[in-house]
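Just so you know, the sequences run in chain order P and G. Sequential numbering of the first sequence, starting at 1, is according to the working numbering. Sequential numbering of the second sequence, starting at 1, is according to the working numbering.
Fair warning: there could be bad hints in the mix.
Each pair may be met inside one copy or between any two copies, as identical chains are not told apart.
What the hints assert, rightly or not - Computed list of lysine-lysine pairs in DSSO-like fashion (alpha-carbon distance at most 30 angstroms, straight line):
#: 1; residue 1: LYS342; residue 2: LYS39
#: 2; residue 1: LYS285; residue 2: LYS256
#: 3; residue 1: LYS39; residue 2: LYS63
#: 4; residue 1: LYS271; residue 2: LYS285
By construction, these hints were calculated from the structure, which means they are not laboratory data.
2 protein chains.
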Amino acid sequence: MSNPARSPLLTDLYQLTMLQAYFNEGSDATAVFEFFVRKLPAQRNFLVAAGLDTALDFLENLKFNREELAWLEQSGNFSPAFLAWLAQFRFTGSVHAMPEGRIFFANEPVLRITAPICQAQLVESRIVNILQQQILVASKAARCVLSAPDRVLVDFGMRRAHGAEAAMGTARSSYIAGFAGTATVLAGMRWEIPTFGTMAHSFVQAHGSEMEAFRAFALAQPDNVVLLIDTYDTLRAARMVVALSTELAELGIRIKGVRIDSGDLAGLSRKVREILDQGGCQDIKILLSGNLDEYRLRDILDAGAPVDGFGIGTSLAVSADAPSLDCVYKLQEYAGLARRKKSSGKETWPGRKQVRREFDNNGTWLHDTLCLEHESVAGEALLFAVMHNGQRVESEPLSIIRERCASELARLPSALAALDTADPGYSVLISPGLVDLARAVDRRFS
Amino acid sequence: MSNPARSPLLTDLYQLTMLQAYFNEGSDATAVFEFFVRKLPAQRNFLVAAGLDTALDFLENLKFNREELAWLEQSGNFSPAFLAWLAQFRFTGSVHAMPEGRIFFANEPVLRITAPICQAQLVESRIVNILQQQILVASKAARCVLSAPDRVLVDFGMRRAHGAEAAMGTARSSYIAGFAGTATVLAGMRWEIPTFGTMAHSFVQAHGSEMEAFRAFALAQPDNVVLLIDTYDTLRAARMVVALSTELAELGIRIKGVRIDSGDLAGLSRKVREILDQGGCQDIKILLSGNLDEYRLRDILDAGAPVDGFGIGTSLAVSADAPSLDCVYKLQEYAGLARRKKSSGKETWPGRKQVRREFDNNGTWLHDTLCLEHESVAGEALLFAVMHNGQRVESEPLSIIRERCASELARLPSALAALDTADPGYSVLISPGLVDLARAVDRRFS
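Next up, chain P with everything else stripped away, as it sits in the complex:
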């Protein structure tokens, strides 16, 4: 099966039925759509922009192949002239976006697409599909980073991510947010993200004894000896590690760490630290894993547990306490006229927008202002041109994105950096120009 991530048919049917209608009407005026989050999840004081690279990659490579066109034809829902037009389809529009790693809030456009309406409309479903997942993980990961400063955090989420693309997005997005790396090998290959990993319980079980398993592993991976010590009896295994460390030292092999994956993690880590220290193994690090999230990290560290790092899996990969965002991609302007959706409870701010962030003299964040693209409003602009005529302006190295996010997290107001819900949350003001435009649009369409 070919890669669904590449197919223009990975979209909702209504995009194509609308396109047929636009095509019949000869509608190809410029449309402006913006992607934004309507409301932050209850447990999020901020979100982290991510997924832009995947989105731009998708737009750059978008075309219909022969098999896809043949399938649309046999469906009987589309005219031959329309299908001939689809065969030539390319995305030739512009994209403005917040760079990845930037912190943002509700109602702030993260990405804006300006293109002939058929192009801008067709890509809606996939743009949302890409951005939501990576924003969710980057934001969850940022909370983990904030709750465990100076600890090594590793993405263990691949197996519980929702499918292949989510697994890859989890590795990349958590790295952006400050994780040290990932267990997902393919993410290491694709993006040069540091990879972490040693052994599973099955490896211990497959050997006659834990000692035998540890020894076999150390000999096979002498530069990467982290031993999983909770398969049978964690403290007994810790004492084994002390004994083994002497034996391996004679071979020039150093045990770098032990991992505990079950039980009372805080309590066990203290006892294991004691056993290791008394055995002269002060250098061996302790890593924890198993159902961890930012709250557990905080509690374990608050309890003074001597932990060097954490592997975080499920809760990160599925953003367990907020597995979706109330995010949308909405028409804001068409054929030169601003538009807005007025459906009950789902009103949007019309027009092409910019977000400006104001700081005081110490660099502390004051508030953001949602304003018109070219309105004169104080503050740093957060959206930039990232694609012209269907071509990327430039690709950002992942290291730059990661540094940006670290710098954002370092400057974040402390109430927002806390795990508990900030009340009030961060202020996003609406500019006078935007209020005026919304009124004008309402008058026009009423």
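Fit chain G to the given chain P structure using the hints.
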């Protein structure tokens, strides 16, 4: 970027470091791993097997390409002999599994892999990654089906699914569970799942008036006229639909339905039904969408709302109230000896297992028994051989899987079919043979 779903490097690094160790030891004895769910999520009385087709496809096509081998080589963690062995790697093992569409419970193996340990170990992460997501969606979808009998349910979840593969899995898994179809076009092309979809709010907004938008759409998609009526004022739009129906009838075009996506859905559907009926449009169906899940479906139908169908998106695609499963893939036997994990709170039942389901004379489910593969225990066996020597035994048509699931849901005990948590839940007994084996394993490894 090549398709990550196809790469053997879409795995956790520890699989490869363990493989290097097994390779060095010359370990290639047969290992038996089973995938199962340790505990049902709080809001699930049962789960639905799904994802087997994707898993078998993955196993059949598993191999390392040149780029992947080169990357592993430059990482410096693997020996040349091991890399040469990886270059020849194929999955040649056997798979036993519950067929898709079958209902299952905690601790019951859904899939068992029997293969040389390196093969069986390498695939762990991806097998879990595939099965979890599809089981989650099939199970959530089954609850929607149970709460809205005889209604048309459509998967609208693509955009909020976590990435491309999850979107595809959502369409297929919800169809298995009894959804009428999906909005995801590519799922229609790949699996011949019926596709549904008409127009978005942006289409209405892009036109000078709702009437103009409705007319343009009907002319472009005369066989597929479902109109979205909540962009501005739902009741006003419903009256427009009545007027338009007469106009279109003269052109031989029939309006099939209207969709309401916001507001008080139950109340609006009643008022819209009244407007349509009074206007002689009794045939026009009413479809609802917008933040729906099985609870909302139940409430809307309990309120007597005249609804013909529902589009269900986010809550389905991310299984919002249970976005992950406590599911694992555990070593149960190695080199002819049964094994079990004893980590605190994570003990497993050892050995190759079968699940047998017993019914009374009326076909009512009594209980399941988790037993040894060849133990003589009453009841229908749920696991079958699905792959021999790395080749599928057969492919099941999706229609058969869907019928199986419908038949399972029809026979499900009513306490389990309810949305609320059944207490007690369904009984899964442990056979005497399994209890004895667990004791024997504990004696051997203590």
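Results of checking the hints against the structure:
no.: 1; hint: LYS342 <-> LYS39; verdict: within (16 angstroms within a copy, 44 angstroms between copies)
no.: 2; hint: LYS285 <-> LYS256; verdict: within (6 angstroms within a copy, 66 angstroms between copies)
no.: 3; hint: LYS39 <-> LYS63; verdict: neither (33 angstroms within a copy, 44 angstroms between copies)
no.: 4; hint: LYS271 <-> LYS285; verdict: within (13 angstroms within a copy, 66 angstroms between copies)
In this structure, only the earlier hint numbered 3 is contradicted, and the remaining ones agree with it.
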